[in-house]
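Engineer: Spelled out, the chains give:
There are 2 protein chains.
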Amino acid sequence: MQKRQDKKTRLQAIRLIVSSQALESQEDLQIELDKAGFPCTQTTLSRDLKQLRISKVRGRNGHSVYALPREGMFSPVMTREEKDKRCWRVVFSGNLMVVHTPPGHASMVAYDIDNAGSPYFLGTVAGDDTVLVVLQEDVKREVAREAIGEIVSQLA
Amino acid sequence: MQKRQDKKTRLQAIRLIVSSQALESQEDLQIELDKAGFPCTQTTLSRDLKQLRISKVRGRNGHSVYALPREGMFSPVMTREEKDKRCWRVVFSGNLMVVHTPPGHASMVAYDIDNAGSPYFLGTVAGDDTVLVVLQEDVKREVAREAIGEIVSQLA
DNA sequence: TTGTATTTTGCATAAAAATGCAATAAATCT
DNA sequence: AGATTTATTGCATTTTTATGCAAAATACAA
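As given, the protein sequences belong to chains A and B, one line each in that order.
Throughout the first sequence, residue numbering follows the numbering used here, covering -19 to 136 in sequence.
Throughout the second sequence, residue numbering follows the numbering used here, covering -19 to 136 in sequence.
Just so you know, these hints were derived from the structure itself, not from any lab.
Treat each hint with caution, since some may be false.
[Stated by the list, open to error] Straight-line distance between alpha carbons at most 35 Å, and here's what the computed DSBU-like set of lysine-lysine pairs gives:
#, chain 1, residue 1, chain 2, residue 2
1, B, K(-12), B, K30
2, B, K15, B, K30
3, B, K30, A, K36
4, A, K(-13), A, K30
5, B, K36, A, K15
6, B, K(-12), A, K36
7, B, K15, A, K36
8, A, K15, A, K36
9, B, K36, A, K36
10, B, K36, A, K30
11, A, K30, B, K120
12, A, K15, B, K30
13, B, K120, A, K(-12)
14, A, K(-13), B, K36
15, A, K(-13), A, K36
16, A, K(-12), B, K30
17, A, K(-12), B, K(-12)
18, A, K30, B, K(-13)
19, B, K36, B, K(-13)
20, A, K120, B, K120
21, A, K15, A, K30
22, A, K(-12), A, K30
23, A, K(-13), B, K30
24, B, K(-13), B, K30
[Unchecked claim] Chain A is nowhere near these chain B residues, computed Cβ spacing over 12 Å in every case:
#, residue
25, K(-12)
26, A(-7)
27, S5
28, D14
29, T24
30, A47
31, F72
32, A86
33, F101
34, T104
35, K120
36, V123
37, A124
[Claimed, not checked] One side only, chain B facing chain A, incomplete, derived with CB under 8 Å:
#, residue
38, K30
39, R33
40, S35
Owing to the predicted nature of the structure, the values given are computational and were not obtained by experimental measurement.
Using N, Cα and C, we set each Cβ at its ideal position, and we do this for glycine too.
Assemble the whole structure, with the sequences as input and the hints as a guide.
Structural biologist: What follows is the structure, encoded as structure tokens:
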């Protein structure tokens, strides 16, 4: 067998390529990777993509393209209980809502809040275990509390 | 050909099944769907999944399961050009300004805001795609909006 | 070093998913 | 009603992706 190429670097190249172009098959990716100086087989690509947790997702047109995984994505295998536990405590201060979560889960919760499209929440900033949510000015805390409850348990 | 079953209903059933169990193949889905009273072929499923924009995503273990589409979940939903073109969304609440950016760009924007040396902005906190800017107490929103506009456009 | 374990990779092949074509049900038009 | 168009669906097949196995490079231990 020939001298191995640096796998780390190849994986990095794959990330780069996948994030910058819409590739529809491993064969296409293989071609691009080859251009970039990383020749390899479809077999290897299949394994690399698995390791990088890259999957094909459908655009509006129905076509599928490869895409990097985004944190905050959780598999449908997560149990109800696990999801409900994502949100620990909610307190308010001025027009800010402070959501406490388990360590490391803040970004996921923030992601869900952002994507819930609620009119009450203007935006979020996530740390490691805390999410800061900026409320619409005239929103009552009760309303906000209920809304966050729905988002967390609903996605749960 | 036999009497057709209601496609609408079948699609609904697929949504339900996919969102409640971790299925690894269309064949598995076919079996579940059959149990639910919607017998059909893999061919039909392939088409249904395409129409529903359901795709396989990888869990942490690397295994793939079908999952309903979630907006904004994957990067390629928006191309790089679209991201660059997208106009920043700026909203206010109290003496806070909330600046939305493309995913991962918040810290860069925050950095630029900090370094712009504007007297209107006391400080910033950046998440992944949101920057929280604390405004000087007596600053008018129009002024703030204009100021941020200048800072941001310098980036582009 | 020498021997052993682990990792990486490709080939051949299996498994999974997508699609061209054709048949026919259902809808629409005249 | 009868004719025409559109939508669904399955079969056969192709295309795409995953994997068992083996070879060889690299890492590791004694």
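Engineer: Each hint should be assessed against the structure and marked as holding or not.
Structural biologist: Verification of the hints:
1. B:K(-12) - B:K30: With Cα atoms ~14 Å apart, K(-12) of chain B and K30 of chain B stay inside 35 Å; holds.
2. B:K15 - B:K30: At roughly 22 Å apart (the allowed maximum being 35 Å), K30 of chain B and K15 of chain B satisfy the hint.
3. B:K30 - A:K36: Judged against 35 Å, a Cα distance of about 12 Å means the pair holds.
4. A:K(-13) - A:K30: Roughly 14 Å separates the two Cα atoms, so the pair holds.
5. B:K36 - A:K15: Roughly 28 Å between the alpha carbons, so the hint for K36 of chain B and K15 of chain A holds.
6. B:K(-12) - A:K36: OK: K(-12) of chain B and K36 of chain A at ~25 Å, within 35 Å.
7. B:K15 - A:K36: holds, 28 Å
8. A:K15 - A:K36: Satisfied, since the Cα-Cα distance of roughly 22 Å is no more than 35 Å.
9. B:K36 - A:K36: Holds, because 7 Å separates the two Cα atoms, which is no more than 35 Å.
10. B:K36 - A:K30: Roughly 12 Å between the alpha carbons, so the hint for K36 of chain B and K30 of chain A holds.
11. A:K30 - B:K120: Distance of about 51 Å is beyond 35 Å: violated.
12. A:K15 - B:K30: Distance ~31 Å between K15 of chain A and K30 of chain B Cα, so the pair holds.
13. B:K120 - A:K(-12): Status violated; Cα separation ~50 Å.
14. A:K(-13) - B:K36: Holds: K(-13) of chain A and K36 of chain B sit about 25 Å apart, inside 35 Å.
15. A:K(-13) - A:K36: Given pair K(-13) of chain A, K36 of chain A holds - Cα atoms ~22 Å apart, limit 35 Å.
16. A:K(-12) - B:K30: holds, 34 Å
17. A:K(-12) - B:K(-12): Distance ~46 Å between K(-12) of chain A and K(-12) of chain B Cα, so the pair is violated.
18. A:K30 - B:K(-13): Holds, at roughly 33 Å.
19. B:K36 - B:K(-13): holds, 22 Å
20. A:K120 - B:K120: holds, 24 Å
21. A:K15 - A:K30: holds, 22 Å
22. A:K(-12) - A:K30: Status holds; Cα separation ~14 Å.
23. A:K(-13) - B:K30: Answer holds: K(-13) of chain A to K30 of chain B is near 33 Å, not above 35 Å.
24. B:K(-13) - B:K30: holds, 14 Å
25. K(-12): The claim stands: K(-12) of chain B keeps its Cβ more than 12 Å from every Cβ of chain A (closest is about 18 Å).
26. A(-7): For A(-7) of chain B, whose nearest Cβ neighbour in chain A is about 16 Å away, the distance exceeds 12 Å, so it holds.
27. S5: holds, 14 Å
28. D14: holds, 20 Å
29. T24: The claim stands: T24 of chain B keeps its Cβ more than 12 Å from every Cβ of chain A (closest is about 15 Å).
30. A47: It is violated; A47 of chain B is separated from chain A by about 6 Å at its closest Cβ, not greater than 12 Å.
31. F72: Violated: least Cβ distance 8 Å, not greater than 12 Å.
32. A86: violated, 8 Å
33. F101: F101 of chain B is indeed farther than 12 Å from all Cβ atoms of chain A, at 15 Å.
34. T104: violated, 10 Å
35. K120: Non-interface label on K120 of chain B holds, nearest chain A Cβ at 16 Å vs cutoff 12 Å.
36. V123: Consistent with the label, V123 of chain B stays out of reach of chain A, its closest Cβ about 18 Å off (over 12 Å).
37. A124: holds, 14 Å
38. K30: Holds: closest Cβ of chain A sits about 5 Å from K30 of chain B, inside 8 Å.
39. R33: holds, 4 Å
40. S35: holds, 5 Å
Of the numbered hints given earlier, the model fails hints 11, 13, 17, 30, 31, 32, 34; all others are met.
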